[in-house]
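Undergrad: Now for the letters of each chain:
Number of protein chains: 6
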Amino acid sequence: MKSSRKTYPVDSTKSPRFAGVSTFARLPYSRDLTDVDAVFVGIPFDDATTFRPGARFGPKGVRENSLLLRPYNPALNVKPFDVLNVVDYGDVDVVPGYIEDTYTRVEREFSKLAEENITPLTCGGDHSITLPILRMLSRRYGKLSLVHVDAHHDCWDEYFGKKYNHGTVFRRALEEGLIEPRRSIHIALRGPLFSEHDYGEVRRMGYSIVTMQDIRENGLDAVIRRVKTLVRPPAYLSFDIDACDPSVAPGTGTPEVGGLLAHEALELIRGFAGIEFIGFDLVEVSPPYDHAGITAMLAANLLYEFLSLTALRKRQTPTSGETL
Amino acid sequence: MKSSRKTYPVDSTKSPRFAGVSTFARLPYSRDLTDVDAVFVGIPFDDATTFRPGARFGPKGVRENSLLLRPYNPALNVKPFDVLNVVDYGDVDVVPGYIEDTYTRVEREFSKLAEENITPLTCGGDHSITLPILRMLSRRYGKLSLVHVDAHHDCWDEYFGKKYNHGTVFRRALEEGLIEPRRSIHIALRGPLFSEHDYGEVRRMGYSIVTMQDIRENGLDAVIRRVKTLVRPPAYLSFDIDACDPSVAPGTGTPEVGGLLAHEALELIRGFAGIEFIGFDLVEVSPPYDHAGITAMLAANLLYEFLSLTALRKRQTPTSGETL
Amino acid sequence: MKSSRKTYPVDSTKSPRFAGVSTFARLPYSRDLTDVDAVFVGIPFDDATTFRPGARFGPKGVRENSLLLRPYNPALNVKPFDVLNVVDYGDVDVVPGYIEDTYTRVEREFSKLAEENITPLTCGGDHSITLPILRMLSRRYGKLSLVHVDAHHDCWDEYFGKKYNHGTVFRRALEEGLIEPRRSIHIALRGPLFSEHDYGEVRRMGYSIVTMQDIRENGLDAVIRRVKTLVRPPAYLSFDIDACDPSVAPGTGTPEVGGLLAHEALELIRGFAGIEFIGFDLVEVSPPYDHAGITAMLAANLLYEFLSLTALRKRQTPTSGETL
Amino acid sequence: MKSSRKTYPVDSTKSPRFAGVSTFARLPYSRDLTDVDAVFVGIPFDDATTFRPGARFGPKGVRENSLLLRPYNPALNVKPFDVLNVVDYGDVDVVPGYIEDTYTRVEREFSKLAEENITPLTCGGDHSITLPILRMLSRRYGKLSLVHVDAHHDCWDEYFGKKYNHGTVFRRALEEGLIEPRRSIHIALRGPLFSEHDYGEVRRMGYSIVTMQDIRENGLDAVIRRVKTLVRPPAYLSFDIDACDPSVAPGTGTPEVGGLLAHEALELIRGFAGIEFIGFDLVEVSPPYDHAGITAMLAANLLYEFLSLTALRKRQTPTSGETL
Amino acid sequence: MKSSRKTYPVDSTKSPRFAGVSTFARLPYSRDLTDVDAVFVGIPFDDATTFRPGARFGPKGVRENSLLLRPYNPALNVKPFDVLNVVDYGDVDVVPGYIEDTYTRVEREFSKLAEENITPLTCGGDHSITLPILRMLSRRYGKLSLVHVDAHHDCWDEYFGKKYNHGTVFRRALEEGLIEPRRSIHIALRGPLFSEHDYGEVRRMGYSIVTMQDIRENGLDAVIRRVKTLVRPPAYLSFDIDACDPSVAPGTGTPEVGGLLAHEALELIRGFAGIEFIGFDLVEVSPPYDHAGITAMLAANLLYEFLSLTALRKRQTPTSGETL
Amino acid sequence: MKSSRKTYPVDSTKSPRFAGVSTFARLPYSRDLTDVDAVFVGIPFDDATTFRPGARFGPKGVRENSLLLRPYNPALNVKPFDVLNVVDYGDVDVVPGYIEDTYTRVEREFSKLAEENITPLTCGGDHSITLPILRMLSRRYGKLSLVHVDAHHDCWDEYFGKKYNHGTVFRRALEEGLIEPRRSIHIALRGPLFSEHDYGEVRRMGYSIVTMQDIRENGLDAVIRRVKTLVRPPAYLSFDIDACDPSVAPGTGTPEVGGLLAHEALELIRGFAGIEFIGFDLVEVSPPYDHAGITAMLAANLLYEFLSLTALRKRQTPTSGETL
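Keeping their order, the protein sequence lines are chains U, F, V, A, S and B. Here the first sequence stands for residues 0 to 323, numbered as in numbering that gives the first Met the number 0. Here the second sequence stands for residues 0 to 323, numbered as in numbering that gives the first Met the number 0. Here the third sequence stands for residues 0 to 323, numbered as in numbering that gives the first Met the number 0. Here the fourth sequence stands for residues 0 to 323, numbered as in numbering that gives the first Met the number 0. Here the fifth sequence stands for residues 0 to 323, numbered as in numbering that gives the first Met the number 0. Here the sixth sequence stands for residues 0 to 323, numbered as in numbering that gives the first Met the number 0.
It is worth saying that the hints were derived from the structure and are not from the lab. Possibly wrong hints are sitting among the right ones.
Chain copies aren't distinguished; within one or between two, either way the pair holds.
When the alpha-carbon atoms are kept at most 25 Å apart in a straight line, the in silico DMTMM-like pairs for lysine to aspartate or glutamate are as follows [claimed, not checked]:
#1 161 / 175
#2 227 / 10
#3 13 / 179
#4 111 / 156
#5 162 / 106
#6 5 / 174
#7 227 / 31
#8 227 / 157
#9 5 / 266
#10 5 / 220
#11 227 / 99
#12 227 / 275
#13 162 / 31
#14 162 / 115
#15 313 / 213
#16 13 / 157
#17 5 / 100
#18 227 / 200
Everything numeric in this text was worked out from a predicted model, so none of it was measured.
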């Protein structure tokens with residue numbers, strides 16, 4: 000932890016959780032990056048979805064449903080807000096109706112974060128928003144090892160005659176040289192496909208693939224081991240909430256039945272402890288289709304686990320003297 | 000009515016309303032324009048909204064909630080489906096994330112409709128979709144007299160540095176010479192504005208304005224008389240469902256409290272009988288924010304009234320020998 | 000009030016309204032008719048609806064949303080539960096899928112109520128349930144003067160080749176000689192019709208008609224005066240909640256935009272004070288389509304007004320010595 | 000695949016999924032059975048349910064939530080729409096309030112389908128609609144081997160003094176000689192029963208039973224093996240969505256906690272590959288109780304799996320030359 | 000406006016309304032009261048409601064639904080954020096389960112606001128939260144002239160044997176000498192009462208009463224004139240959202256059918272221009288029972304009108320040189 | 000079973016489940032405790048929740064969703080209503096806003112039940128309501144062995160400076176000497192904690208702990224064995240519905256992702272057969288956040304299992320001659 004500034008969530012045993020302005024995990028809202036290690040940042044863009052919109056309200060929904068988070072993560076044995084200075088950075092000002100202009104705005108903000116070596120916990124928005132993030136992070140850190148958890152591989156070539164879209168992001172990223180496909184993997188794939196050549200094409204690009212059927216047959220441990228073997232720093236984790244089953248995540252744009260249950264999603268992420276991720280995103284939470292905030296709450300908890308992974312790594316670095 | 004083909008809704012005393020594929024008013028779904036007088040056509044684009052999305056599901060929602068419509072309109076004393084051949088033409092294939100490409104697609108379809116002199120009953124989508132319609136209709140019919148019913152004047156200049164948007168459509172239309180502002184009027188305006196110069200600017204463009212406060216003070220009859228005095232053929236009617244109060248139309252993108260009640264909206268439209276409209280749109284119905292379909296049902300009824308206005312005019316033309 | 004037994008709602012200043020088993024107005028639940036003047040009774044049948052079902056949960060929904068009712072009606076200046084012994088009688092055991100068998104069951108229960116001169120406040124169910132009630136009441140009291148408040152006249156002849164249905168009930172009642180049409184009236188009619196002959200046919204049957212357009216033009220007072228002139232004892236009031244606008248009553252099977260607002264519905268019913276109704280029904284409340292119980296709450300309040308009308312009459316009879 | 004006509008879903012990479020009239024899987028809507036191999040057909044009848052209605056909107060809901068389906072099924076390695084000509088046939092015109100008349104209408108439509116050897120993918124409606132289907136199919140194909148996946152065995156004798164009902168359908172089918180019970184099985188049974196003799200009686204009828212407890216103890220593979228051993232052609236698969244847990248299928252009439260999860264339901268159906276089913280139904284989807292369409296979406300995916308089973312069989316027949 | 004600090008909402012033509020942390024009207028969130036003229040402040044307490052809870056989420060809901068507010072109020076011709084420095088002060092930390100301890104916390108915060116002569120725009124919470132506000136404001140400004148808009152008079156004596164409650168607040172305020180009843184008025188009363196003596200008792204306390212029936216008969220202008228005649232500075236305005244009809248405000252704890260429509264509520268408040276209010280509250284918004292945020296959006300607009308009233312007064316004071 | 004009185008649910012094959020006043024499992028509503036073995040009793044108090052309210056409607060919601068329960072439990076092979084006389088006792092009259100007064104009311108009712116040796120099946124309300132129950136039961140039966148199934152241990156010391164709260168109940172119970180911690184266990188714990196010392200502290204109090212992680216690693220059988228080893232009569236079972244995953248139980252106040260699935264919760268409870276529980280509670284069901292009643296339905300089924308456990312024990316006692 001850096002020295003001069005300490006950010007901390009509001010104490011929910013003193014101030015009730017339902018009180019006040021909603022920020023992620025009740026953290027301070029601040030655009031000041033001094034001494035900051037990680038930020039929660041929203042990209043409320045949902046024009047590039049091919050079915051249900053609403054992910055533009057994803058960041059607001061996740062903030063609202065992150066209020067129950069507490070400071071200690073017993074599963075990973077870490078207090079992320081003790082180890083790291085974290086703020087809610089607010090959202091990027093996107094441009095509705097103009098995906099490419101939106102990309103420019105995202106890049107402007109993320110180049111700032113990258114320069115300061117701040118770990119972004121980005122909350123979408125639809126999956127199209129990952130491309131400009133990858134651009135800025137790979138510019139700063141070099142080619143990335145991608146861990147992509149999603150029902151869909153998002154490596155299609157185009158939709159409606161257009162290259163930029165929530166279903167094409169990891170083909171574009173590859174073409175732009177942002178990702179090292181041999182060190183990258185798509186996890187939780189399932190559902191009907193456009194063609195019998197779909198998975199083959201993705202593999203030919205160099206990517207590894209783990210389907211839900213693989214997970215049901217071989218278990219999560221096998222996936223985690225495979226990821227750990229495959230991935231090299233700098234790594235990036237992109238989590239589409241539709242990796243999870245509609246029963247645990249109804250509030251999303253292109254749901255796919257038969258996905259990860261909530262405890263499986265948590266177990267998977269916790270299993271990644273030790274991997275050197277330099278950034279994370281959690282996308283496709285669509286509050287208008289959510290109920291009782293369960294999707295956004297799951298998303299908030301996954302982001303908390305991402306933060307815990309970062310805190311674990313931070314704790315192990317020589318300059319950090321914290322002990323639990 | 001043209002001679003060789005007769006389209007008619009499914010008879011709901013024989014086949015229950017909840018049975019079958021949902022088309023507008025249970026009309027035939029057809030892309031064949033032979034002998035067609037009017038079409039229901041959807042433009043499911045909602046990327047240009049500045050707040051809540053969901054209007055991309057507007058056409059589907061309106062179809063689903065148009066199933067209770069019956070063949071005779073007692074308020075206007077006309078049987079629109081007897082007088083006119085009407086089909087559900089389906090939707091324009093829009094391009095999510097690309098408003099200008101979407102405009103091209105809309106123009107392609109509407110130039111076909113315009114060429115055939117078919118009256119379009121367009122269902123949005125957000126209000127941005129009106130611009131390409133006006134382009135094609137004014138190209139065919141000349142400068143249009145606009146009747147615009149909406150909580151917002153939609154004559155702002157730009158949002159987020161962009162010219163095309165659901166809030167700028169009637170400034171663009173003016174700049175492009177599609178509309179005759181001295182023969183055009185905005186009705187049901189209300190709510191906070193960006194500036195004290197807002198209404199003044201709109202008036203300086205040449206438009207007339209009727210606010211909800213005017214309506215509450217002077218009544219709907221006064222508005223109707225004013226519209227009838229002002230408007231000249233060819234006229235176009237654009238109805239944003241947020242002209243109506245959130246209590247009768249919760250399912251919309253930028254609701255504004257204090258609007259028209261349902262019976263007032265119906266009365267207003269019925270009052271327009273006699274005006275020579277060559278097209279209509281009904282925009283901004285957002286089913287994810289609707290409840291029990293009440294917004295979409297009101298929209299369906301307004302579209303039915305639009306159709307009835309067209310049928311009334313048709314009936315009065317020399318070539319038509321129908322009597323009720 | 001009869002002497003030996005006094006029923007009264009639970010006192011909501013002592014026991015919170017959200018506590019306990021839900022009965023209408025927190026009245027005792029009882030099948031014992033001793034000393035009872037009026038009953039709330041449900042007929043949870045919705046198979047005969049031609050669009051949205053759910054009215055089978057109408058009685059449960061109305062009970063749940065009647066918990067805020069208090070003992071004094073200031074608008075009519077009467078305390079109905081002081082003047083009358085009222086119980087929640089429970090529901091008739093209907094037969095799903097078999098409308099005619101259901102009628103038999105309803106008749107069995109209502110002949111008991113009629114024999115005891117108990118005023119029924121019936122809660123539907125769809126409108127088909129009114130027919131067997133009218134049968135039993137007219138058998139006991141003679142031909143009835145009907146006041147029917149509804150968006151639809153329900154005098155159609157058949158649907159799907161069948162005579163018994165929620166849209167045919169007042170044609171059947173006429174054919175069976177249960178109603179005196181010259182003393183009967185349909186109020187709040189509106190919306191598209193099957194034919195230009197619809198209203199004419201209903202008038203030819205002898206019924207009077209008041210449309211929503213009439214109400215908007217002439218006001219509620221005119222309607223009330225017309226009803227009072229027309230109606231003679233024994234009178235019956237049948238209120239379909241779709242007489243009201245979808246904004247105040249979304250939870251119904253065949254909503255029709257442009258109806259009565261809540262305060263107008265209350266004013267209409269209160270205007271009926273003095274008419275000698277021997278029974279009432281409130282039908283077509285469909286909780287699955289309701290929101291926050293607003294439809295059921297309006298229905299509960301209308302039933303409370305019906306009860307108040309009965310209490311007013313009771314108070315004026317010589318054997319009653321109550322004063323307010 | 001037959002030669003002269005080829006039906007195919009709309010291409011969702013060209014036309015957005017949210018565009019147009021909603022048919023099952025975006026297939027053509029057609030009553031023309033020429034060259035058709037299988038049909039999606041709805042029976043929107045829900046009067047025979049003993050608890051929550053709404054299944055009359057099941058076919059509409061499933062259509063609306065089938066729009067994400069894509070042409071290739073990777074789990075079964077088949078492209079069903081390449082192998083088979085499939086259309087959305089629309090719905091049977093049922094008779095609300097009259098179950099037995101409804102049966103007549105269903106029989107009329109299904110005798111046509113049976114004559115043409117078309118595989119029906121029927122979407123209910125409540126479970127009562129399976130009886131007339133079984134009547135027509137057994138008349139055409141002989142006694143059927145039934146695979147029934149459901150929380151309830153639906154072999155009760157009567158409800159409310161009536162024989163026809165959603166809970167009595169498989170006792171009636173047996174009495175009518177439509178089913179070979181020794182070759183038939185009920186799967187996923189659970190929940191409280193009317194009597195300690197319930198399961199015994201069903202077994203005495205000759206049926207096999209697999210409870211959820213059996214599934215939890217022995218796994219799905221054991222069930223699949225047992226089904227494959229037991230069943231003989233001609234087989235019929237009837238799937239009540241309440242076989243699934245309320246968390247994955249809240250939108251149903253008589254939910255029962257503790258059922259199949261979504262991935263388990265898919266695995267079960269895929270396990271049936273190779274069984275010669277001549278028809279399928281998916282019943283009891285009730286959209287008014289659904290959320291974000293998750294129940295209808297699961298149903299749509301199960302129907303897609305049913306279709307894939309049919310395509311697999313078709314592909315293996317000598318006249319079919321397709322390879323994947 | 001004070002000189003050194005200027006607070007202003009985020010510009011929604013630059014940053015989309017759906018972006019960022021939600022504060023009231025997109026104002027800065029700040030606990031710093033330097034140069035502040037007015038604050039939005041929440042009191043998220045709902046334990047004292049006698050029916051539906053949820054008002055503890057009122058402040059969050061109102062923030063979320065205030066994002067469409069713009070800087071100029073055309074109805075009152077004022078730009079409140081130009082005239083006044085306004086911040087979102089956050090919420091008071093209430094004590095769930097302990098109403099009297101909550102009062103202490105509220106008093107602590109409001110004595111600070113009162114000392115600084117800051118105009119509070121308080122957002123409840125249930126109506127019980129008004130009592131500690133009145134205590135602090137009357138201590139600072141003397142006996143208050145109360146304008147109370149509500150379906151219920153809230154002058155009952157006790158519920159469940161307790162004196163502090165959302166239904167007793169204006170009897171307590173009177174007993175504590177905080178209010179001058181002869182200068183105070185209850186507006187929009189309606190619905191069944193506990194006793195025929197209810198209104199009489201309230202009048203005997205010295206209060207004036209305007210029922211909804213009065214409003215329907217005499218119009219809003221009459222009410223406004225009466226209020227202006229009656230009220231004297233220092234005045235306080237307390238608005239319970241259940242003054243409005245459930246159709247425009249379903250999200251509330253004790254709804255009462257037949258209330259003010261949205262445009263009437265706005266007209267009423269705007270009519271109060273000129274009255275010297277030193278504070279305002281808006282209570283009983285319960286988001287769990289709201290739909291599409293329509294209740295919270297109406298509440299946000301009413302708070303904006305309250306602010307505009309304050310800005311109008313400010314503009315007229317000698318030290319203010321602004322012109323519109 | 001006691002001799003002179005026999006209570007039984009309404010027969011749902013005669014009277015449809017959707018008919019009548021809703022009581023738990025359609026049992027008689029009665030305050031008469033003569034010959035009663037067990038009662039369903041509600042405590043509709045939710046002021047002590049630290050996040051979402053609504054549990055005050057828990058008892059009503061559970062009643063409404065218990066209507067599908069049938070008389071025979073095949074999983075435990077017992078007919079609880081044959082073995083036991085059970086009534087719906089209604090609810091305790093709580094005091095909104097006053098937790099300690101509410102405790103007094105609860106104690107008054109439960110001392111009556113305890114004196115009569117009646118097994119309470121209590122339905123909350125938030126978890127704070129368990130404390131007064133434990134007080135009365137331990138006074139009657141001595142120190143209790145607690146089985147607590149919950150996402151949270153509820154052993155915190157205070158919130159907002161207060162000792163009584165839904166998160167402190169089992170620390171208070173210990174301090175008051177109501178529980179034998181060495182014979183007590185918390186099951187299903189998970190989620191972020193306030194401190195790294197949380198679990199340690201609870202263990203130091205003497206309690207055993209089983210986390211969800213333990214359950215996922217070792218299975219439910221291991222938990223059940225551990226409970227059976229640990230627990231001694233008199234035992235008490237307190238089940239917070241948030242022990243279950245939000246996908247199966249969205250309607251609760253402080254949901255925690257990754258919990259028990261529905262079939263696991265049932266299996267756990269059934270595994271407790273043989274333990275001598277003298278009482279049960281099921282708390283934190285919050286209907287305003289529920290969907291399609293799935294949370295309340297799960298709660299109703301769990302209560303039915305609790306009742307079945309009691310019936311099993313009863314059947315085995317010498318005075319009981321029933322056989323199945």
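Undergrad: Against this structure, judge whether each hint is valid.
TA: Hints, verified against the model:
Proximity of residue 161 to residue 175 under the C-alpha cut-off of 25 Å is restricted to the intra-copy arrangement: shortest distance 16 Å within a copy versus 27 Å between copies. With identical chains, the CA atoms of residue 227 and residue 10 are never at most 25 Å apart, being 36 Å at best within one copy and 38 Å at best between copies. With identical chains, the CA atoms of residue 13 and residue 179 are never at most 25 Å apart, being 47 Å at best within one copy and 30 Å at best between copies. Taking the shortest Cα distances, residue 111 and residue 156 never come within 25 Å of each other, neither inside one copy (30 Å) nor across copies (31 Å).
Taking CA atoms no more than 25 Å apart as the test, residue 162 paired with residue 106 passes in both settings, with 18 Å inside one copy and 22 Å between copies. For the identical chains of this complex, residue 5 and residue 174 are neighbours neither inside a copy (41 Å) nor across copies (37 Å), given an alpha-carbon limit of 25 Å. For a Cα distance limit of 25 Å, the shortest separation of residue 227 from residue 31 qualifies neither inside one copy, at 35 Å, nor across copies, at 49 Å. Taking the shortest Cα distances, residue 227 and residue 157 never come within 25 Å of each other, neither inside one copy (31 Å) nor across copies (43 Å).
When the C-alpha separation of residue 5 and residue 266 is checked against a cutoff of 25 Å, the pair qualifies neither within a copy, at 30 Å, nor between copies, at 46 Å. In this assembly of identical chains, residue 5 and residue 220 lie within 25 Å of each other by CA distance neither inside one copy nor across copies; the values are 36 Å within and 45 Å between. Taking the closest pair of Cα atoms, residue 227 and residue 99 never come within 25 Å of each other, the shortest separation being 34 Å inside a single copy and 44 Å across copies. Taking the closest pair of Cα atoms, residue 227 and residue 275 come within 25 Å of each other only inside a single copy of the chain (10 Å); across copies the shortest separation is 44 Å, beyond that limit.
When the C-alpha separation of residue 162 and residue 31 is checked against a cutoff of 25 Å, the pair qualifies neither within a copy, at 35 Å, nor between copies, at 32 Å. For a Cα distance limit of 25 Å, the shortest separation of residue 162 from residue 115 qualifies neither inside one copy, at 31 Å, nor across copies, at 34 Å. In the homo-oligomer, the alpha carbons of residue 313 and residue 213 never lie at most 25 Å apart, since the shortest distance is 33 Å inside one protomer and 27 Å across protomers. Taking CA atoms no more than 25 Å apart as the test, residue 13 paired with residue 157 passes between copies only; the shortest distance there is 9 Å, against 52 Å inside one copy.
In this assembly of identical chains, the alpha carbons of residue 5 and residue 100 never lie at most 25 Å apart, being 35 Å within a copy and 31 Å across copies at closest. Taking CA atoms no more than 25 Å apart as the test, residue 227 paired with residue 200 passes inside one copy only; the shortest distance there is 24 Å, against 35 Å between copies.
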